[in-house]
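With chain R held as given, fit chain L onto it using these hints.
Number of protein chains: 2
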Amino acid sequence: MARWEPNAAERLANAALDLFAERGYENTTVIDIAQRAGLGKSTFFRHFQDKREVLFGRGTMNGLLAEAIAAAPSTAAPLEAVAHALDAAGREVFTSARREFTARRQAVIAANPELQEREALKNLSLIASMTDALRQRGVPDLTARVAAELGALASTIAYERWSQTTAGDDFSEIARQALNDVRASTASC
Amino acid sequence: MARWEPNAAERLANAALDLFAERGYENTTVIDIAQRAGLGKSTFFRHFQDKREVLFGRGTMNGLLAEAIAAAPSTAAPLEAVAHALDAAGREVFTSARREFTARRQAVIAANPELQEREALKNLSLIASMTDALRQRGVPDLTARVAAELGALASTIAYERWSQTTAGDDFSEIARQALNDVRASTASC
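Taken in order, these protein sequences are the chains called R and L.
For the first sequence, counting from 1, position 118 maps to 118 in the working numbering; every step adds exactly one.
For the second sequence, counting from 1, position 152 maps to 152 in the working numbering; every step adds exactly one.
Simulated from the structure, these hints should not be mistaken for lab results.
Among the clues, some could well be false.
For chains that are exact copies, the list does not tell them apart, and a pair is met inside one copy or across any two.
Claimed, not checked - Derived lysine to any residue pairs resembling SDA-like cross-links, with alpha carbons at most 20 Å apart:
{"hint": "1", "residue 1": "K51", "residue 2": "N112"}
{"hint": "2", "residue 1": "K51", "residue 2": "Q116"}
{"hint": "3", "residue 1": "K41", "residue 2": "T28"}
{"hint": "4", "residue 1": "K51", "residue 2": "L115"}
{"hint": "5", "residue 1": "K41", "residue 2": "L17"}
{"hint": "6", "residue 1": "K122", "residue 2": "T156"}
{"hint": "7", "residue 1": "K51", "residue 2": "R23"}
{"hint": "8", "residue 1": "K122", "residue 2": "H47"}
{"hint": "9", "residue 1": "K122", "residue 2": "Q106"}
{"hint": "10", "residue 1": "K122", "residue 2": "A110"}
{"hint": "11", "residue 1": "K122", "residue 2": "I109"}
{"hint": "12", "residue 1": "K51", "residue 2": "D18"}
In isolation and in its complexed conformation, chain R is listed as follows (with noise of 0.2 Å):
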């Protein structure tokens, strides 16, 4: 029977980031993130598919920002439940706590051409998963395609600010403030 192990996907994740760190993704096999982490094998494939899989999380982030979204009040115009979905995710995924894991996990996948690929199909996935919850409040099927591309284009621009100001600002309201920037980029398009 499997045992209950505290935070085994965190641990899991950082000790995979040491070891991409320092010997390379190539370099680092499944049994090594597993020993380093003081975890078994089994463990690892409980809590992901492959050794790529350990920086992404198990599409979390898709419920996550689905449900913030269709949870805005009815009135709220597409990219306002779009801003929704941004706060929840400076809430639960880039916070303070986590800031420096962001930054490793951005650098180690920057170095990578294979992290890089799963990284560019996990966003169409993040994309087309705020699409279909803008089309479940109603959204006509092009104004649901156009707001989650904008999001998550502010999403992006919101990321790369957070992660160069010092400590203590907040995802959501940087990322609030992207969105306006976005969105009155679009009128000079």
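Positioned in the frame of chain R, the structure of chain L alone reads:
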């Protein structure tokens, strides 16, 4: 010395598509592809870095779009410059003659996660090329990013529409309509 092989890249891509459809992407090797195309392995590697790359060309699309944006009239607004890039894609890539190839290519990519990842990353690189080309026209950074994203979305939508209509439709025309639709949708976001 390398022999000159007419249309080698195209022959290799067609052979790869045939084999991926017949026996699956995983069960096809570079040697199989070269053999089917009546070419040698070294010819394959003069044209493509690896098996995945055979469906993605060598960055020619990036140059094509960037050059068209640079060549747009200096008075053109950012999205009008992007429309010139989509015109170029219609003239060079999404032609009637290449319609069947393009449809088969999409079907193979849709069936294979590894290829989807490569495509997702290529798409990010096209957006980055368009963004750079717009910046070089003096478009402010954020506006350039927004225009390139909207252009990429319009291109995706145009591709969907183009591949669903019966033969004879002009991609450039469909792309301009898609770009207008996307632009109009930003107002109701």
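Now for the hints, and whether the structure bears them out:
1. K51 with N112: both (13 Å within a copy, 18 Å between copies)
2. K51 with Q116: both (14 Å within a copy, 18 Å between copies)
3. K41 with T28: within (13 Å within a copy, 31 Å between copies)
4. K51 with L115: both (10 Å within a copy, 18 Å between copies)
5. K41 with L17: within (17 Å within a copy, 37 Å between copies)
6. K122 with T156: This pair counts as both: shortest intra-copy Cα distance 13 Å, inter-copy 17 Å.
7. K51 with R23: Within. Shortest intra-copy distance 15 Å satisfies the 20 Å Cα cut-off; inter-copy 27 Å does not.
8. K122 with H47: Within one copy only: 17 Å inside, 29 Å across.
9. K122 with Q106: both (14 Å within a copy, 19 Å between copies)
10. K122 with A110: For K122 and A110, both the intra-copy (15 Å) and inter-copy (15 Å) Cα distances are at most 20 Å.
11. K122 with I109: both (13 Å within a copy, 16 Å between copies)
12. K51 with D18: within (14 Å within a copy, 31 Å between copies)
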